[in-house]
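Protein sequences appear in the order of chains A and B. Note that the working numbering has the first sequence beginning at 1, numbered continuously upward. Note that the working numbering has the second sequence beginning at 313, numbered continuously upward.
Derived from the structure by calculation, the hints contain no laboratory data. Heads up, some of the hints might be wrong.
Stated by the list, open to error - Restraint-style ranges between C-beta atoms, simulated for each label pair:
#	chain 1	residue 1	chain 2	residue 2	range
1	A	D25	B	S478	39 to 47 Å
2	B	V331	A	V16	17 to 25 Å
3	A	L125	B	V331	29 to 37 Å
4	B	A482	A	R306	33 to 41 Å
5	A	L294	B	R435	33 to 41 Å
6	A	R306	B	P553	44 to 52 Å
Here a beta-carbon is modelled for each residue, glycine too, at the ideal position from N, C-alpha and C.
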Amino acid sequence: MALPSGARALPAPAAVARRTLADRDDVLARLLLAPALVYVIALVAVPFVLAIVLSFTAATAGSLELSWVGLRNFLTILSDPQFHRALQNTLVFTLVSQVLVIVLAVTAAHVLQAAFLGRRAVRFLLLLPWAAPVSLATMAWTWIFDSTFSVVNWTLRFLRLTQDWYYWFGDPTLAMIAIITVHVWRMFPFATVVTLAGLASLPHEITEAAVVDGASFWRRLAEINLPLLLPIVTVAVLFGVVFTSTDLGVVYLLTRGGPYNSTHVLASLAFQRGILGANLGQGAAVALFLLPVLVVVAAGMLRTARRAEVGT
Amino acid sequence: MGPVAYVETRGLRKQFGEVRAVDGVDLAVFEGELLVLLGPSGCGKTTLMRMIAGLEVPTAGEIYIGGQLMDADVPPRARGIAMVFQSYALYPHKTAFQNIAFPLEALRTPPATIRERVHEAARKFGLEHLLPRRPRQLSGGERQRVALSRAVVRDPKVFLFDEPLSNLDAQLRAIARYELKEFQRQIGTTTIYVTHDQMEAMGLGDRIAVMDKGKIRQIGAPQAVYDYPADVFVATFLGSPPMNLVEWTDGTLLGFRPEAFLPRDAVPPGEDVETFRFRVRQIEHLGASRLLYGALEDRPAAARTVIADLPATVTVAIAEGEVYPFVVPRRALRYFDARTGLARTRGPA
């Protein structure tokens, strides 16, 4: 192409840098996500599918023969009183502990929101139960509820609240109280931190408007703070429900399902049947039983959280 | 007229750590007036209002509402006040009706009375058809009216407004300002209004109190404060563009408003004027007026930029870079002490 007269040719262009791997988002995305994907498939998806398959077979530990038995495992456990008890316990432990956790967490969050000396230290200490490994913490609790050395009994006597001596793991009701106590102790810090974050995110002016409008503390709590906190508290409850209802460690270490198999939950029963009793098929059926329920609960709660109106 | 009170503060102070947010404020708000607290952000105006509301405890000093001492033991709900917040602070999960009803519920008013009073307040602000809506379904102006309804519904003795117009866009703001003033005149309730917007302050206030660094610098009718600023802070804070200040004689600053600084030909010949040679450096055409930026030729020491604000009715041709004779009517000249910044009542020292 001829240049117009008077125009000069541009100097020869220097070599233009070509894109490297670091510029290629499409390739990088796949590359960087791959390890996580492998991890999830190998350690979550495969065992999950395996559990579903196992629950329809008569598999036992030590034999890899998968003989299809259809719904027999489920029918067996459905007519098993021990399974009924475990299912009931799972629901009771989860519901009671979550109600207590929410009451305590909302209370603690309001206390920790106030400015006082040593607030940071208290906040830090509060998080410790959450950070401690469940098994270690539960072993400490076995001492706290020990039939001979129970510090709970000692304290109750010292305060002259009782003259009796309680055998915490010897009585079904006391054992259930002990298990719920540990669950509450474990979940409450997390719920408090979540609620505290929620409280801090409430618009300051709204709380003050309620004060100027003449609302008492309880009215503000019930009509302003709690409704506005609902979405975030729902998240805390959701976590609590999932963690508590699927927990094996607390029951297993505290009572081993005893006394007389009265405190089993689905997770511990599944472990007993499937691993200790070597009946893998039935264990898998027990373990999977709550899955549909949890899915529905989670979906419902997330919907509530999304629908609740926050901010203006 | 309902029970009306006036608000008074004596030696009111509030300290946050080392910072004196409010530093000895004596203020009297008369019955039924609309007093505007005006000042730049951080001047202490909001803190002063929050102390009157009872949301903040004073470090020292006293607050009286209706002649009664409001010490720290008198909670906000017992002060007979209503407050409209900058964000309106509507309860997002409640409908407009529930929002307006909330202060009445807190007073344990019977439901039938609540319904009646809410509808009455809503009617006053033309909100009746919006009562079932939630705040997020309302426009900015509608939210403001819900906030106002919530404030009037329990017949407060004092209204406190914390920059309630700042969330509205500029076009809506002028109308909202007009409506607010109209409404305050109708109900005649003593009102304290906080803003950093001087237009709002001038337009709304029966009186304005200009604050800076925790102190009230001047209080008076808007025009009086504008015309006779008590010090250089007030002179330059009020007015847009601000008052021109030039070094005059030793220890004296001369002040004149940009709109009083005009080409000699634009001023009637009989007017007693002070004449300056004005070198124009830059011209901004703003439609309704021309802003001329430049400097006074006779006073090279006074290097400050001087601004002239010529209304569109002044059609004299002006070119950038030229020098023109400009005048200020003598009655528009103000003198300030260069050291203290305080106004001098009569001429240079």
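Kindly indicate which numbered hints from before are broken by the structure, ordering the numbers from low to high. 2 and 5
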